[in-house]
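Residue numbers (the numbering used here), protein chains in the order written: chain W, 31 to 133; chain X, 4 to 426.
In case anyone wonders, no lab produced these hints; they're calculated from the structure.
Incorrect hints may have been included.
[What the hints assert, rightly or not] Okay, the calculated beta carbon distance ranges per label pair:
| # | chain 1 | residue 1 | chain 2 | residue 2 | range |
| --- | --- | --- | --- | --- | --- |
| 1 | X | R356 | W | A123 | 14 to 24 Å |
| 2 | W | E120 | X | A253 | 43 to 53 Å |
| 3 | X | E236 | W | E120 | 16 to 26 Å |
[Stated by the list, open to error] Coverage of chain X stretches by chain W, computed from C-beta distances (three or more under 8 Å per stretch; other residues unrestricted):
| # | segment |
| --- | --- |
| 4 | 352–365 |
| 5 | 377–384 |
| 6 | 405–418 |
[Stated by the list, open to error] DSBU-like cross-link-like pairs, simulated, lysine-lysine; straight-line CA separation at most 30 Å:
| # | chain 1 | residue 1 | chain 2 | residue 2 |
| --- | --- | --- | --- | --- |
| 7 | X | K240 | W | K88 |
| 8 | X | K226 | X | K215 |
| 9 | W | K118 | X | K390 |
Ideal Cβ placement from N, Cα and C applies to all residues, glycine included.
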Amino acid sequence: MQRTARLAMIVCGCVSLPLQAAEPQTARPDAAMLSHNCAGCHGTFGHGPGKIPSINGKPESEFVRIMRDFKYGRRPASVMDRIARGYKDEDFAAMAAFFAAQK
Amino acid sequence: MPGLSRRRFIQLTGAAGCLSFFGCSGAERKPSKARVLIIGGGYGGATAAKYIKLFDRAIDVTLIEPSKPYFSCSGSNEVIAGLHELAWLGRSQDPLAATYGVHLVRAKVAAIDPSRRRAQLEQGLRLDYDRLIMAPGIDFRWDALAGYDEKASEIAPHAWKAGPQTLLLRQQLEAMPDGGVVMITAPANPYRCPPGPYERASLIAYYLKRQKPRSKILIIDAKAQFSKQALFEQGWKDLYPGMIEWISPADSGSIEEVIAEARTVLTEFDEYHADVLNVIPPQKAGLLAERTGLTDKSGWCPVDPRSFASTLLPNIHVIGDACIATPMPKSAFAANSQAKVCAAAIVAVLNGRQPGAPSLLNNCYSFLEPNYAISITGVYEVSGRSKQIVATSAGETPMHADRRREADYARAWQKNIEADVFR
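Hey, can you work out the whole structure from these sequences and the hints?
Structure follows, in structure tokens:
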């Protein structure tokens, strides 16, 4: 469907949410989508007081390295290793950019 | 109606008379981009309100929640065990109004008219919407377990919605003599907080071990296995040897009847008596969802997980415990995550964009004592092919892991999720 046609249908309310399937092979969740889930433990925009580390403002390379270490079992953990295994490596770069931009 | 004067409320409802996205341009009041109405101010509904405003301030968001304070179910087992007072579970949505401009309405919704896109409040006022998010939580199937209706729950509390029921169960435990038997019945899946009955048994054991050490806990289960089972059973062996007995339907048959006055449970093959009886009954989506026509035969609300839009009625989304989001559990964390997917999808569509691919997360801690906790995690996405939620990873606390650290994380999580949802 052409984008304009699709937009027109949205505006008319003729199409109920969601629209057509996103392309299955390419569609990864975007950086915000991935990152806002982290807030459940790490606080909104990664800023959480207390014993769970804040992750806002963390340098991107460090963020990606830590997440990869969790995922591939190189960093001791009881929770984050399990969580990291649920994401693709490219997702870590997206999340890293999101949190590096939060002050 | 705190947070919203009556006059302001009437202005709002009046302005909502013109519903279409661009149809309000002639109105005196600065037109909002669209009106999103959210019913239910728990973990799901409050998160959705906050995140829609974070994503697009120009969308008009109204959150309807009658309870002030709202009592968090998460944490309520700690109150039952005497580790905190009930007030500790109290949550207020007021900061969402002050910080993000969410309109708060303290009222009960009498009915929803999906064809007119309108909610009718019990006070007779009406609220119109472009998109409605339902986060009604659970209700109980009072007709599903013989002998256990709402009246029986005043004798044998369920304590599965936090508030007076939480206190009733706690008071009964406090009044029980040493050597008494506490019986918990656990329902079949699905229900709110899968590990909850077993965390409850653990924390009650923590209380009894100190105050009434000759007492015992029986769990009569409707299912043959349960969440984090190996971890719980290991913990019970280490912390409360001989105190907690779990009875599977493989041993005693299904739960047939409750006799509340006698604190007795009849199963197919056996009869169990207790001094304190906690019946966690079979559940379904909140009543308003059922009355609106959002539930299927299962009693829960089918949704498209890319947006949590109802598959039964247009322009209505259902999030949290009420929706069917298998394999996600019905938990506060899951509701928080679903709310963000729903908020992002609605904001995208209201801005003429196609919603992006969703990502979902769950991480649930259970306490076995104040310095001993375990967790279960799941990362989820929506399959491009089947349009179903699939887990891309799932796991539990490893057997050798540090339970004290998990307990520290659990306490930090309680604070952080409260802030992410309600502030």
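Now the hints, each set against the structure:
{"no.": "1", "hint": "X:R356 with W:A123: 14 to 24 Å", "verdict": "holds, 23 Å"}
{"no.": "2", "hint": "W:E120 with X:A253: 43 to 53 Å", "verdict": "holds, 46 Å"}
{"no.": "3", "hint": "X:E236 with W:E120: 16 to 26 Å", "verdict": "violated, 39 Å"}
{"no.": "4", "hint": "352–365", "verdict": "holds (count 10)"}
{"no.": "5", "hint": "377–384", "verdict": "holds (count 6)"}
{"no.": "6", "hint": "405–418", "verdict": "holds (count 9)"}
{"no.": "7", "hint": "X:K240 with W:K88", "verdict": "violated, 42 Å"}
{"no.": "8", "hint": "X:K226 with X:K215", "verdict": "holds, 29 Å"}
{"no.": "9", "hint": "W:K118 with X:K390", "verdict": "holds, 19 Å"}
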